[in-house]
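**Q** Protein chains in written order, with this note's numbering: chain A, 1 to 170; chain B, 1 to 668.
Simulated from the structure, these hints should not be mistaken for lab results. Some clues are possibly wrong.
Claimed, not checked - Straight-line C-alpha distance at most 25 Å; calculated BS3-like pairs for lysine-lysine:
no.: 1; chain 1: B; residue 1: Lys49; chain 2: A; residue 2: Lys63
no.: 2; chain 1: A; residue 1: Lys6; chain 2: B; residue 2: Lys195
no.: 3; chain 1: B; residue 1: Lys187; chain 2: B; residue 2: Lys49
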Amino acid sequence: MENSPKPYMNPYLAGVFLGSVLLASFLVLGAGLGASSGLARIAAALELSIAKTHTLSSEYFGKWGETPLNYYLVFMFVGTVLGGLFSALAAKRISFQLEKGKAASRLLRISFALIGGIIIGYASRLAQGCTSGQALTGGALLLTGSLVFLICLFAGGYLAAYFVRRQWND
Amino acid sequence: MIDTLYSLNILDTSLALLISLVLGILFGVALEKAGFGSSRRLSGIFYFKDMAVLKVMFTALITAMLGLLYAQALGLISVESVYLMPTIYGAQIIGGLLFGIGFVMSGWCPGTAAVGLASGKWDALICILGAILGSILFNETFHFIQPLYTNGNQGILFLSDSLHLSKGVTAFLFTIIGIAAFWGVEKIEQKVTGKSEYLGSQFLKIFSFVLFSAALGLMLIYGQTTRKALVYPFFKNTQTACLFSEQALLQKVEEAQDHIAAEELAERLLNNNQEVLLVDVRPENEYANFHIKGAVNIRLSDLSEQLIGYKNQGIIVLYSNGMTHPAQARDSLNRQGFNNVYILTDGLLGFVDLCLKPVALRSEPVPDGLAQKINLWRGYFLGQAKGQKGVEEVRNFAHKAPGLIDTQWLSENYKKPDMKILDLRSQNEYNTSHIPGSLAISPESFRGVVKGVPSVLLPAAILSQTISLMGIKPNDFVVLVYGEKPHDATLVSMVFERLGHENYGILNGGFLKWQSEGRLVDTELPKVIDSSYRLNYADNFTVYYKTVLQAIKDKDAIILDVRPQDYYLGQKSDEARAGHIPGAINRPYTEDIRKADKYSLFKTVDELTTAYKSIIPTNASKIIVHCRTGHQASQTFFILKNLLGYTNVYWYDGGWTEWSARKELPIK
Numbered sequence: 001m002e003n004s005p006k007p008y009m010n011p012y013l014a015g016v017f018l019g020s021v022l023l024a025s026f027l028v029l030g031a032g033l034g035a036s037s038g039l040a041r042i043a044a045a046l047e048l049s050i051a052k053t054h055t056l057s058s059e060y061f062g063k064w065g066e067t068p069l070n071y072y073l074v075f076m077f078v079g080t081v082l083g084g085l086f087s088a089l090a091a092k093r094i095s096f097q098l099e100k101g102k103a104a105s106r107l108l109r110i111s112f113a114l115i116g117g118i119i120i121g122y123a124s125r126l127a128q129g130c131t132s133g134q135a136l137t138g139g140a141l142l143l144t145g146s147l148v149f150l151i152c153l154f155a156g157g158y159l160a161a162y163f164v165r166r167q168w169n170d
Numbered sequence: 001m002i003d004t005l006y007s008l009n010i011l012d013t014s015l016a017l018l019i020s021l022v023l024g025i026l027f028g029v030a031l032e033k034a035g036f037g038s039s040r041r042l043s044g045i046f047y048f049k050d051m052a053v054l055k056v057m058f059t060a061l062i063t064a065m066l067g068l069l070y071a072q073a074l075g076l077i078s079v080e081s082v083y084l085m086p087t088i089y090g091a092q093i094i095g096g097l098l099f100g101i102g103f104v105m106s107g108w109c110p111g112t113a114a115v116g117l118a119s120g121k122w123d124a125l126i127c128i129l130g131a132i133l134g135s136i137l138f139n140e141t142f143h144f145i146q147p148l149y150t151n152g153n154q155g156i157l158f159l160s161d162s163l164h165l166s167k168g169v170t171a172f173l174f175t176i177i178g179i180a181a182f183w184g185v186e187k188i189e190q191k192v193t194g195k196s197e198y199l200g201s202q203f204l205k206i207f208s209f210v211l212f213s214a215a216l217g218l219m220l221i222y223g224q225t226t227r228k229a230l231v232y233p234f235f236k237n238t239q240t241a242c243l244f245s246e247q248a249l250l251q252k253v254e255e256a257q258d259h260i261a262a263e264e265l266a267e268r269l270l271n272n273n274q275e276v277l278l279v280d281v282r283p284e285n286e287y288a289n290f291h292i293k294g295a296v297n298i299r300l301s302d303l304s305e306q307l308i309g310y311k312n313q314g315i316i317v318l319y320s321n322g323m324t325h326p327a328q329a330r331d332s333l334n335r336q337g338f339n340n341v342y343i344l345t346d347g348l349l350g351f352v353d354l355c356l357k358p359v360a361l362r363s364e365p366v367p368d369g370l371a372q373k374i375n376l377w378r379g380y381f382l383g384q385a386k387g388q389k390g391v392e393e394v395r396n397f398a399h400k401a402p403g404l405i406d407t408q409w410l411s412e413n414y415k416k417p418d419m420k421i422l423d424l425r426s427q428n429e430y431n432t433s434h435i436p437g438s439l440a441i442s443p444e445s446f447r448g449v450v451k452g453v454p455s456v457l458l459p460a461a462i463l464s465q466t467i468s469l470m471g472i473k474p475n476d477f478v479v480l481v482y483g484e485k486p487h488d489a490t491l492v493s494m495v496f497e498r499l500g501h502e503n504y505g506i507l508n509g510g511f512l513k514w515q516s517e518g519r520l521v522d523t524e525l526p527k528v529i530d531s532s533y534r535l536n537y538a539d540n541f542t543v544y545y546k547t548v549l550q551a552i553k554d555k556d557a558i559i560l561d562v563r564p565q566d567y568y569l570g571q572k573s574d575e576a577r578a579g580h581i582p583g584a585i586n587r588p589y590t591e592d593i594r595k596a597d598k599y600s601l602f603k604t605v606d607e608l609t610t611a612y613k614s615i616i617p618t619n620a621s622k623i624i625v626h627c628r629t630g631h632q633a634s635q636t637f638f639i640l641k642n643l644l645g646y647t648n649v650y651w652y653d654g655g656w657t658e659w660s661a662r663k664e665l666p667i668k
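Produce the entire structure from the sequences given, and follow the hints as far as they go.
**A** So this is what it looks like as structure tokens:
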């Protein structure tokens, strides 16, 4: 990546683009966008490969049966990675790195990323969706619960931001 | 009207998966282009350094929201064909707070982490692995977290309903807040980082103006909270070109194209016009007192559920005493994609005045032609309550119908021309021996998947076709003959209930009793001349899960779960979840049947009366019966309504199959 990366898109126009994709999803699929469900399905497939009977008899993953990956949001997640790849390649924005503040240790950033990941994995199952499936999709449908989720998401983020700010210290 | 893959229930086909992949790719491109492949940029919002997340997200949200509402206004799509998530306050508040903490810690959310991964960010990979672990952890702790998972479940709840505003106003306010937020965060960026790319820029001004205008237009279309019922619906049939033309709109109102005149309705009903479904939306007692002949009574709140099978088929005419309620209901139905709903000009009072008032009592002279018509109408609408000629003749040889009939009576009457005997046993049983003249029909031919719910009774339009193919006419007396299971006959009785065909009976003891008494059988196929059974809709007894949910909340109905006890207790289950509807009483359907040595009989009315007296306080108590698929519950319904004379019995056909599969519904 010798050439410098292209600048990001105007955020408002990017929003219109994203909103149009969401609208297309409503009109064609009859369902909005989602990401965490895809991950949860992958998790179920993983757990199935390790402990099949246990997973099939478990209350949450069990109802997805033996082929949890045969689900539209799994394909959407794969598509999201691919789309990200195409776009990042085109804009020369691929760089292998651990993103963190210069002054923060690698261990700190890795632990935060892992623990944060576990929390969002758990929380998105609890709330039946994440930023995509609840906040964005449900928000666009003006569903009360999804908007409550969106507000709480920012509340939680701002409350915790102070305590994890060190990872971005330069 | 677009049929989405979700509404067609084909989200699991390879086509749907391929489309999802493509949409995913576009989703990924959008996120990446917005710069969401960087955790540093994403978490910038929490430190007021980079507010891109808010700008992108709210713009996307508003774009899709306005787009979808416009699509609905244009009649492109109905909101029912989009998957809607339930509002569950507990889960969404705690889930949201936790999610926010995880978001600021990891710097990612699932969708952006996918893009981060594609951009080579190691922390995105770690976050994704964490999220997978978190999902597994959720599965493993589901048992403990389940109370929270369903805590505060409100079902599908729109912000407009929470705020008691119309959808248009809600969307408009939301857009205004969004625009204010854009300007606010640009200011914040300027303060914190010293520069703002868009604050006060030409771009942001134009952008804000476009959003504002789009939301304003939408609000005008959807009308104010005061429900200008007459204004909106005409957009349905008009094209985009005149969408914004107030004048064209008002003209339509002026021309009253959504009205049907009393005289026209009277003529159509008199001529047995099959296309008209007349719906009385007044309270039950007023309906019971007097209604226009042929009308069915549906509560305003149940309209959209009950009428779904008539969406854009034939015409639906709503009436009340006046016109306000029907106009509001029509407005609401229109928003749900119905474009065949009309209201009766001047309501019931107008109808009575114009069509039924005796000529002699009128202050103005009436032309001869009209006078004749008025007399015809009076004869038709004010004559017999049930009115169909021939019914009386059939009743001469019939028992009280609907009801049970015995084998002796049938053996004396089975050859009568107006008698139609339906044999509900299996094909080979029928082929080897049946009551002379009986027709073979499987109870399953009346059921199917409706709106994704399996094994529910088909819409009246389809039922009347099947009935026509069997040559049954509205005046025929129908005898239902079961094999071993009396509830096969009661399931088919629901077909006739739905069509308002009350002239039927169930052979008590079924074919096996007939056979064991050595009565005449043969193997010949009957001659059938197909009829054109009038499409009639008398179903005000089938309820849907929302009604049941409401009944639980209001505690105004007895819910009878007639499944076997072990299913009720959740010890056995063939469905998505085990257990029962909170507050439901278990009265297994098998309790109502007595086994003789070779056949099954309904218990005597005395026995049944005693049994149900201990469960149901009065004959007018509201009762909702259900089982797994509606089959067993049809038997309890038949007994309560037709044998014991309970007047307020409802049938939740979707039953446990649907209830257990709708995870947002409470169970015990």
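**Q** Each hint needs a verdict: does it hold in this structure or not?
**A** Hints, one by one, checked against the model:
A distance of roughly 43 Å separates the Cα atoms of lysine 49 of chain B and lysine 63 of chain A; the hinted pair therefore is violated under the 25 Å criterion. Distance hint between lysine 6 of chain A and lysine 195 of chain B is fulfilled; the C-alpha atoms sit about 20 Å from each other, no more than 25 Å. Restraint check for lysine 187 of chain B and lysine 49 of chain B: the C-alpha separation of about 11 Å stays at or below 25 Å, so the hint holds.
Hint compliance for this structure: hint 1 alone is broken.
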